[in-house]
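Visitor: The residues making up each chain are set out below.
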Amino acid sequence: MATINPKFGKNLKKYGGFNFNACYNCGNCTAICSISTKDSSFPREMVRYSVLGVEDEIITSTKPWECYYCGECSTHCPQDANPGELMMSLRRWLTAKYDWTGLSGLFYKYLPATILAMLAVLAGVILFANRAEWNLESMLHFGHLFEMIAIATVFAVILAPNLVRMWYFTIIKAGVKVPLKTYLTALNDLLVHMFTQKRAKDCDDNHFRWLEHLILVFAYLALLFTTVFLNWFGTENLFVIILGYVESALIFIITVDFVKDRIQKKKALAKKSQPSDWFFVIWLLLMGLTAFLVRLFIDINILESNKWMYLFHLMVLAQWALIIVPFGKWTHFLYRSFAMYFVKIKSMKSGVKVKK
Amino acid sequence: MKTQNKNITYDALVIGAGIAGGEAALNLANTGFKVLLVEKDDSVGGKMILLSKVFPTLDCSACITTPKFSEIARHPNITLFTGSQVSNIKKHGENNFTATIHKKPRYVHVEDCTACQKCEQVCPVNVKDQYQYNLVGRKAAYIPFSICSPKAAVIDIDNCTLCGACERACPTNCIDFTMEEEVYDLQVKTIVLSTGFKLFDPLKMPRYGYGVYKNVVTSMQMERLIAPTRPFNNVLRPGDGKMPDKIAYVLCTGSRDVTVGNPICSQICCMYSIKQAQLLMGALPMADVTIYYLNIRSFGKGFEEFYEQAKGMGVNFVKGKIGKITEKENGSLILRYEDINSGKLKEAEHDLVVLSVGALPNNEAKGLFADNLQLDRFNFVDQVELMTSPAKTNIDGVFVAGTASAPMDIPDTILSAGSASSEAISYLMKENAPQPPKSGVKVGQFSGC
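The listed protein sequences derive, respectively, from chains A and B. According to this note's numbering, the first sequence is numbered sequentially starting from 1. According to this note's numbering, the second sequence is numbered sequentially starting from 1.
In case anyone wonders, no lab produced these hints; they're calculated from the structure. Don't take every hint at face value.
[Unchecked claim] Derived pair list, reagent style DSSO-like, types lysine-lysine, alpha-carbon separation capped at 30 angstroms:
| # | chain 1 | residue 1 | chain 2 | residue 2 |
| --- | --- | --- | --- | --- |
| 1 | B | K47 | B | K151 |
| 2 | B | K204 | A | K271 |
| 3 | A | K265 | B | K324 |
| 4 | A | K201 | B | K324 |
As the structure is a prediction and not an experimental result, all values here were calculated from the model.
With the hints as constraints, model all of the structure from the sequences given.
Guide: Shown next, in the form of structure tokens:
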């Protein structure tokens with residue numbers, strides 16, 4: 001039997017959902033959505049569950065992740081109930097639910113908490129610089145070391161357990177029983193969706209944005225690889241140096257365009273930016289910009305006299321790696337692709353049990 | 001225009017000669033008052049005279065309207081102006097209104113015209129016939145429609161090439177291109193506003209493809225296709241003249257939809273769609289009719305039974321708003337919707353789609369007045385005493401009848417016209433009675449301050 005939480009809607013409003021109670025259940029949103037299908041129809045179903053507060057149905061569902069927010073449903077909603085924004089807020093809510101530490105929810109709901117965490121990291125960076133006695137050489141060395149350790153730790157301690165929780169909710173709790181082999185055969189889907197977001201391409205009139213996003217993902221992953229494993233800031237290899245420049249410039253250019261969209265508010269998906277959206281896109285922008293400048297300062301030999309530049313980059317990096325990646329919007333990169341993976345697994349085994 | 005203004009005086013001015021205005025004018029005239037009934041169009045009858053049948057009785061619409069309008073045309077107390085527009089209504093005191101009426105030239109002397117249609121036959125100009133809702137063409141010299149009143153030709157001067165063929169063909173010499181606009185200064189004691197409603201223009205919803213896909217029609221076009229005076233004498237889809245087998249109705253097109261600026265229910269679409277579905281099942285016994293609805297609002301007397309009757313006849317009712325329509329190569333249409341009862345996205349193919357368009361306010365009403373006529377928040381004429389005196393507007397002595405005040409069906413329109421005319425009569429009867437002393441400033445009295 002489904003349990004209804006009457007306070008769910010109120011809670012969801014803290015995650016950015018609004019006006020969804022205006023829904024009069026016409027299904028226009030589902031019908032107009034270009035990626036909704038016969039077997040996976042949304043967003044109206046999610047709107048109904050949210051209005052009623054049927055948390056079990058929402059937490060076991062992958063549908064919020066199947067939406068790529070083209071905004072058509074909100075544009076044409078006859079009741080102005082903003083189904084697109086509701087799906088966005090459900091993704092934030094799910095992110096918070098998957099996170100075992102509970103920090104995601106805290107950061108999504110309370111802006112001061114995010115700001116405090118950001119300041120704490122800033123203080124840590126200054127403390128670190130002090131310990132290194134503002135020596136550029138050792139700061140660069142430990143900075144590089146930090147990156148590697150941070151990535152490994154965040155993944156092992158936060159992201160991996162959260163993915164397991166997501167698997168538990170969407171597969172085990174949903175009552176799906178599949179043989180182990182299915183997980184292997186569906187793996188292909190995971191990788192395809194992770195690196196292409198090909199479903200987003202089906203969103204009408206969204207091809208340019210899809211391309212921008214695709215380039216951004218690749219540039220970001222490549223820059224991560226270049227700095228961590230190819231030691232971009234320390235290398236003498238001209239190819240690696242240029243590669244890093246291109247990657248960071250691409251990140252900067254594309255995020256500037258995304259920020260512009262959010263300021264102009266012309267597209268439906270850019271109309272209702274939450275603090276988490278701003279942090280994500282601005283920090284990504286700063287990452288591209290500061291990485292570019294740090295390497296530029298190294299190449300024209302002025303970093304020694306402008307240590308603040310590296311410290312600023314390190315601060316952005318630390319805040320990104322310790323707050324935004326594990327607890328913020330960055331996780332959609334994992335959850336979206338894993339959601340598609342789980343959808344594939346569910347589809348391969350038709351034995352979806354009747355829900356409790 | 002050099003035309004001299006003529007002064008005329010009446011007891012009551014009724015603006016708009018649809019079924020509401022006609023009913024109000026008859027009530028006033030039968031009580032002995034002199035009524036001027038002004039219609040913007042070239043024929044009286046409004047929208048009702050063009051309908052096929054009426055719900056829930058399935059009476060023939062033309063058979064109800066035509067006797068009423070011939071009574072109006074012959075009534076000694078009613079003067080009828082067609083092709084005329086009222087403007088500049090001013091109140092100078094109780095029972096004292098002035099207004100200007102512009103009567104545009106018809107270029108035909110109505111009293112001499114025998115409606116022989118010879119002018120129509122010779123006229124070389126073909127344009128879309130607005131009375132058949134663009135389903136067929138008409139000439140620039142034409143009789144508006146077969147049961148129009150006054151039944152006389154009109155020259156559509158905007159499209160006329162001034163070739164003179166009609167003038168030469170006319171056996172009674174009633175065509176006269178020297179006619180000019182006439183302007184009247186009217187003095188009147190009370191006014192009934194029956195300016196009606198406008199139909200939603202589905203071009204505002206490009207995702208339904210109206211105007212692009214030929215087999216997507218409006219409900220008013222379907223009314224014409226099944227009316228006794230229908231253009232094709234059969235129900236044919238406009239794209240290729242094929243007899244449709246699977247007909248879909250898209251309810252709430254332009255109603256209950258904030259994205260097109262009309263958040264309210266039009267109150268008539270559910271019922272007229274159900275009526276058309278029943279008529280179609282009679283006209284095309286082999287056809288499937290599906291009505292896609294959000295909620296069926298069958299609230300009036302006999303409406304629920306009428307809805308049940310349609311279900312019993314085999315009309316298919318599906319809950320779900322149509323999201324978009326796409327056209328196939330053969331002219332058939334794919335409708336995409338979520339079947340709310342199963343929660344699944346579905347697509348259905350139909351060979352004719354009828355958009356059940358909503359009723360919008362006629363925003364011309366406000367412009368007729370020099371004084372401020374109050375509108376409600378949906379731009380219908382405001383009923384300031386909705387519960388106690390529903391025909392009253394914010395101007396004492398001006399009464400509203402029919403769909404000028406809100407979307408409503410024909411039975412309600414007749415009731416509303418009855419209410420407006422009796423309010424107008426009681427206002428007129430107060431003329432000779434002593435006026436109760438009033439505090440404050442009367443409207444328009446100290447306008448120069």
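Visitor: Decide, hint by hint, whether the structure agrees.
Guide: So, going through the hints one by one against the coordinates:
A hinted pair counts as satisfied when its Cα atoms are at most 30 angstroms apart, and K47 (chain B) with K151 (chain B) qualifies at roughly 17 angstroms. Distance restraint check for K204 (chain B) and K271 (chain A): the Cα-Cα separation of roughly 23 angstroms lies within the 30 angstroms cut-off, and the hinted pair is therefore satisfied. Taking the CA atoms of K265 (chain A) and K324 (chain B), the gap is near 25 angstroms; set against the 30 angstroms cutoff, the hint holds. The straight-line distance between the Cα atoms of K201 (chain A) and K324 (chain B) is roughly 19 angstroms, inside the 30 angstroms bound, and the hint therefore holds.
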